[in-house]
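The primary structure of each chain is shown beneath.
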Amino acid sequence: MRNFSITILVCILSLVIPTNSFAHAKLVSTIPDANSNTTQSPKQLTLNFNQEVTLVKVRVTSEDGDVTTGFKPEFAAKKSFSISLNQDLADGIYKVSWVAMSKDGHKIENEFIFTIEIKKNRQPEQELIRDNDSNHHQHNH
Amino acid sequence: MDAFSLLALLGKLLVYLATANAISVALFPWSKKATNINNEINQYYLISLVVGFIGTLLFFLAQVGMFADEGLIGILDLFMISMVWSSAIGDSTLLRLIAITSLLLLMIVKVKFSNRSTSYRYATKSLDVIALSVLVVSYTSVGHIAEKDLFTKVSLMLHIVAMSLWIGALYPLFLACRKSRGENIFVLMDYFGRVAITYLLVLISTGMFMFYEVSGGIEKMLFSSYGQIFLVKLSIVGIILMIAAYHKWLLVPSIQHNNENIYKLQKSLKVEGGIAWLIFIVTSIFTTLISPIH
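Residue numbers (my numbering), protein chains in the order written: chain A, 6 to 146; chain B, 52 to 345.
Hint data in this document are derived by calculation from the structure and do not stem from the laboratory. Cβ coordinates follow ideal geometry from the N, Cα and C atoms, glycine included. Careful: at least some of the hints might be erroneous.
[Unchecked claim] Reference listing, derived: stretches of chain A covered by chain B, where coverage requires no fewer than 3 residues with Cβ under 8 angstroms from a Cβ of chain B:
#: 1; region: 59 to 67
#: 2; region: 104 to 114
[Stated by the list, open to error] Here are a few chain B residues that face chain A, going by a calculated C-beta distance under 10 angstroms:
#: 3; residue: Gln114
#: 4; residue: Phe118
#: 5; residue: Gly122
#: 6; residue: Phe130
#: 7; residue: Ser137
#: 8; residue: Ser165
#: 9; residue: Ser192
#: 10; residue: Gly194
#: 11; residue: Ile196
#: 12; residue: Glu198
#: 13; residue: Leu252
#: 14; residue: Ile255
#: 15; residue: Ser256
#: 16; residue: Gly324
Let the hints inform the model, and build the full structure from the sequences given.
Structure below.
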């Protein structure tokens, strides 16, 4: 009886187990890049993973508090997620915290930051325009 | 570690215990080798299945709470429940609930309609084995092994079956020591000692192979928390192996000449059971809370 049981067990196990092979899920790239400085307010965030995951939560925060995003969790597992930003972002440091579920059911979470420096970069640009304007004015005289 | 991680750990621990006990009761020939503890074995089986059912639900709800991340109320988040249910965790939960419920129903059938015909026994045993297979397969859809190939998954299942046949037998053996005397207990323990060598070989070889597959090599063992906890497990396994060897080669042979040694064996089985619990706790920690990539 014992041999019979073990034979059945082995037969069933070899028939029913799923087969797939992949590496651990992780975030591989983002737009804007992690730790990057950008001179334009991004219209959306993009998170790219090395394998399909279910994105459960995304939260964007700055010194002024939470930033509203168009993120809605979906059941479907994907490798790439685009999350619209519902407002123009002002200068500052932004932290993006995310939570995802990998295909094996593990909770993976992390965060990254990016910086927006619109005014700082616009200032020299504006000064240059002002200088050009004044030069032009002088010529007319 | 937050409350949900702790709850998940407890749930997994209960499922491990239930699996070990259910497989041992169903596959080890207790009814032939230890007839005087049949009632206790049935109670042990029933309690194990109920514990497994509770553990499965506990683990699932803990995962929901963990993903919802909104405190205790998070486990009632219907959207998160649906999300976790539609994931690999849900698949494994479903398989476990189906398997445990089927085993419970089969137990009721066997108690209500006891029939001694060979075909009846083969039929119920086959159904038991199918349900147990579903229970064992449920381990391959979640966790670190879910990412691996067929061979690694088969290793995990063999590891679970071998572990169950050994660890799940400790309490029935303890009961047998309490109720049996002399030759009976020697025959049972001697038989278990012989088959346990096969269990051990399967356990160690599949365990080492899976560790290699998941962690990526021995050199990484010392430098990762996953590897370090694995080493803790390995040390505890070393202790339990020494106890098993003491039973097989010293204590069990001595029973034949001295009945008093049955008490010693009983005590020693209790210690072995305690160490088995420790192994389950450590395994739950490194399969639930720690990633091999840490």
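Outcome of the hint check:
no., hint, in the structure
1, 59 to 67, "holds (count 3)"
2, 104 to 114, "holds (count 7)"
3, Gln114, "holds, 7 angstroms"
4, Phe118, "holds, 5 angstroms"
5, Gly122, "violated, 15 angstroms"
6, Phe130, "holds, 7 angstroms"
7, Ser137, "holds, 5 angstroms"
8, Ser165, "violated, 16 angstroms"
9, Ser192, "holds, 7 angstroms"
10, Gly194, "holds, 6 angstroms"
11, Ile196, "holds, 8 angstroms"
12, Glu198, "holds, 5 angstroms"
13, Leu252, "violated, 15 angstroms"
14, Ile255, "violated, 19 angstroms"
15, Ser256, "violated, 16 angstroms"
16, Gly324, "violated, 23 angstroms"
Comparing the model with each numbered hint stated earlier shows that hints 5, 8, 13, 14, 15 and 16 do not hold.
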